[in-house]
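Protein chains in written order, with numbering that gives the first Met the number 0: chain C, 0 to 460; chain H, 0 to 220.
Rather than coming from a laboratory, the hints here were simulated on the basis of the structure.
Glycine included, C-beta positions come from ideal geometry on N, C-alpha and C.
Some clues are possibly wrong.
Unchecked claim - Just some of the chain C residues that point at chain H, by a computed CB distance under 8 angstroms:
hint	residue
1	Asp-281
2	Asp-285
3	Ala-286
Said to hold, decoys possible - Pairwise CB distance ranges (calculated):
hint	chain 1	residue 1	chain 2	residue 2	range
4	C	Thr-340	H	Arg-67	51 to 61 angstroms
5	H	Ala-82	C	Ala-212	22 to 32 angstroms
6	H	Glu-182	C	Leu-236	54 to 64 angstroms
7	C	Pro-396	H	Ala-219	19 to 29 angstroms
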Amino acid sequence: MPAETRTPALRTRLLVAVLGPLLAAAILIGVVGATLIADVVRRTNDRVLGGALGAIAETVQVERGEVTLDLPSAAFGMLENTERDNVYYRVAVGPDLLTGYADLPAPDPATLDIDVPRYRFARYRDQAIRIAEVRRALPRIDKPVIVQIAETLDNRRALNRRLLLALLIGEVILVGAAALLLRPALGWSLRPLARLRGAVEIRDRTARPDFSALDAGPLPSELRPLAHAFDRLLAQLDIATSGVRRFTADASHQMRTPLSVLKVQVALARRGAGHERAEALDEIADAVGRLERLVTQLLALARAEEAGVSAPLEAVDLREVAAAVITRQFVQAVEAGIELTLEGAPCVVPGHRTLIFEILSNLIDNGIRYNRPGGTVAVTIIADPSGNAVSVADDGPGIPPIDRETAFERFVRLGSGSGPEGSGLGLAIVRSAAARLNASVAFGTVEKGTTIILHFPQSKA
Amino acid sequence: MRILLIEDDAALARSIGALLRAGGNAVDHVATGEDALSVVAGEPYALVILDVGLPGIDGFTVLETLRRRGERVPVLMLTARDALDDRVRGLDLGADDYLRKPFEPEELEARVRALGRRRGGDPLPVLSVGTLTINRSTGDADIAGRALDLRRRERAVLEALATRAGRVVPRELLIGEVFGFDEPVGGNAIEVHVTRLRGKLAPDGPGIRTVRGVGYMLDAG
């Protein structure tokens, strides 16, 4: 994770994710609500205004050819309110005023349907007013009779303001409560995460790495995949590190014996003289040789496990590598009284020269060490359509079939300790290197001695 | 002191053997637990040094078997492992001491001497019989301040007799304690060492009596 890009805290993210939309919704509801409130306020007030208009219009009659009316006080009573709005009215027959305020804005009679009240806003005496007006058709009166009633808007505005304020307070309470409750709610819902962290942290404090599954108690369904993924990772780490742990433990264990020899022989060399000292020095040289071989093999094993991971396979001539190994180990073989032979034609396999060299070195070295004087170690290159191979066969005491399974394990030394001193690493190196080359290594079925075959399966190309 | 060394690593066995023999002990070596169990019963070992990591039956099993048979010989375990469990297990199974590899040779020698003294029932490093004083830690012996020049076999015989001063020590037991089983023991080997010792102890030291047909006894006081 790059350190520069600062990721906001989970709390902040959730606050933004929840409060942002909530605020937007509040604004939308506010806008829609304001429109609705204005509409409702207009409709209810218009209904009252319309009622008053109807009551006045009812009383307009024709008596003896004259238009008369009897203004009902109830019509104006309807319009009384706390805001003391001014009420104006006007009844006209054609252009002639019958009663009321002559200068109230008059409509164009042609645009009015008969007996259908119409409402409109207008200005009168520097005030905004709402006018309800209706045109009546009276028998034997050919001029249009227009009845108008108007009120100022204070009541409407006050009602509108009160409703808007209530809406606004409701919204503020909603958003505020959400903002306030979000933090404790987050803390509460993140508590299982804290428990999970606690379970991981306990592992941190234990001296010995613990790779068993985490115990964080019951977890919510969102966290369970995380815990499971963590458990899987732990299991994989366990597999990966157990090999290393066992290896280092065994390696240090393996070094203690030659180190003990060294310490004792150094003490003897210091105390003794002449023959005794010479003997002690020989033992010291042997012990140093053993340690050196052990270290070399440990390094070879580490190399075999690292090599080949990235480098592509190259074409390697098995015979050429085998000849190089034999050349190097010839002196060792002569000293041990072992005959080394190489048979077979040059044969190219995909691999890494270093690894193949290491494998053959170890196999031939084993063949020489675990043999009897006068024995042979035969290296044979086998070219075969199903895959090329190289076999290393000795005619020594051999390995019982029951021990062959464990022979490739690290630090497994076969026999009762009477044989030559080895580290028990040789075949482990062989197996590890062969695995890097995608080659197989197996015991050959022979009556006498030991045969190990390194087999390169035919590549598809 | 007669010691049985059970160690599968040939080089380490040679080294420990040389170290302990130089200190005047007789050391027998076997490489496996099976061999150890077959020889330990027949010989009067003063100490068993047992490596835990043996092929075949391991050191713990050897120790367990020994103790089940009722063998009381002190056992010093050698372990290449660091685990506390191993040490605890070894001691609980009846080991008297343990040493971790790689060990300091001086420490091994000192622990061997200490275990040898306990075996004699006397943990004091200095043994006194009359005018004779033997320092079992350094191997030095003197009579009234006069230092004795003892060969290592003579020292072993003298120590074996001095720990049982005033009692008859059977000849066979003395041979068993002083010589390892792969050392050639002549018919009069013990007699030769005893005669030389008498010469060195005389005239002011305790005398060694021959109990004909039975063994020897160092005069107490």
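Verification of the supplied hints:
1. With a cut of 8 angstroms, the hint placing Asp-281/C at the interface with chain H is violated, because the nearest CB-to-CB distance is about 10 angstroms.
2. Nearest Cβ of chain H to the Cβ of Asp-285/C: about 6 angstroms, under the 8 angstroms cut. The hint holds.
3. Satisfaction of the interface hint for Ala-286/C is found here, the shortest Cβ-Cβ separation to chain H being roughly 6 angstroms, below the 8 angstroms cut-off.
4. Taking 51 to 61 angstroms as the suggested C-beta distance range, the pair Thr-340/C and Arg-67/H conforms, at roughly 53 angstroms.
5. Restraint check, Ala-82/H to Ala-212/C: a C-beta distance of roughly 25 angstroms satisfies the suggested window 22 to 32 angstroms.
6. The beta-carbon spacing between Glu-182/H and Leu-236/C, approximately 56 angstroms, falls within the hinted interval of 54 to 64 angstroms.
7. The hinted range of 19 to 29 angstroms is not satisfied by Pro-396/C and Ala-219/H, whose Cβ atoms lie roughly 58 angstroms apart.
Going through the hint list in order, the structure does not satisfy hints 1, 7.
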